[in-house]
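Asker: Construct all of the structure, not just a fragment, from the sequences and the given hints.
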Amino acid sequence: MGRWRLDEDKARSWGAGKASVERESDGRWRLRREHGNQPYDSDEPDTGRIWWSDTGVHQNLTFPVQPDPVSGMHCWLQRVTVGPAQLGDAYGDVVVD
Numbered sequence: 535m536g537r538w539r540l541d542e543d544k545a546r547s548w549g550a551g552k553a554s555v556e557r558e559s560d561g562r563w564r565l566r567r568e569h570g571n572q573p574y575d576s577d578e579p580d581t582g583r584i585w586w587s588d589t590g591v592h593q594n595l596t597f598p599v600q601p602d603p604v605s606g607m608h609c610w611l612q613r614v615t616v617g618p619a620q621l622g623d624a625y626g627d628v629v630v631d
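Numbering (the numbering used here), first residue to last: 535 to 631.
Hints in this document: simulated from the structure, not taken from any laboratory.
Using N, Cα and C, we set each Cβ at its ideal position, and we do this for glycine too.
A portion of the hints provided could be inaccurate.
Said to hold, decoys possible - Simulated restraints on C-beta separations:
(1) P579 x R557: 35 to 45 Å
(2) G582 x D560: 34 to 44 Å
(3) G561 x W586: 32 to 42 Å
(4) E542 x W586: 13 to 23 Å
Answerer: Given below as structure tokens:
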């Protein structure tokens, strides 16, 4: 699914890992996963049967949805640079300037 949540909202946790967003001293933003899916108690018995923890990576994170200003169609108009993980990075980290 590749979705994240910033709060411990169990009602939306089926496909969303818990994450935090921080601004680093150099001005970059870092999204870091705190944990993936976990079983929890609710009126729905299946929530206690969650066995997976990896919530995946969002397919539009590098190029988020950006409508074309003229046609309104989904377009990729941004220029980006994608680099390898750096020292101190963890699985699922997203760092942008």
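Asker: Each hint: holds or not?
Answerer: We went through each hint and held it up to the structure:
1. P579 x R557: 35 to 45 Å: 41 Å, holds
2. G582 x D560: 34 to 44 Å: 43 Å, holds
3. G561 x W586: 32 to 42 Å: 35 Å, holds
4. E542 x W586: 13 to 23 Å: Holds: the Cβ-Cβ distance is about 18 Å, inside 13 to 23 Å.
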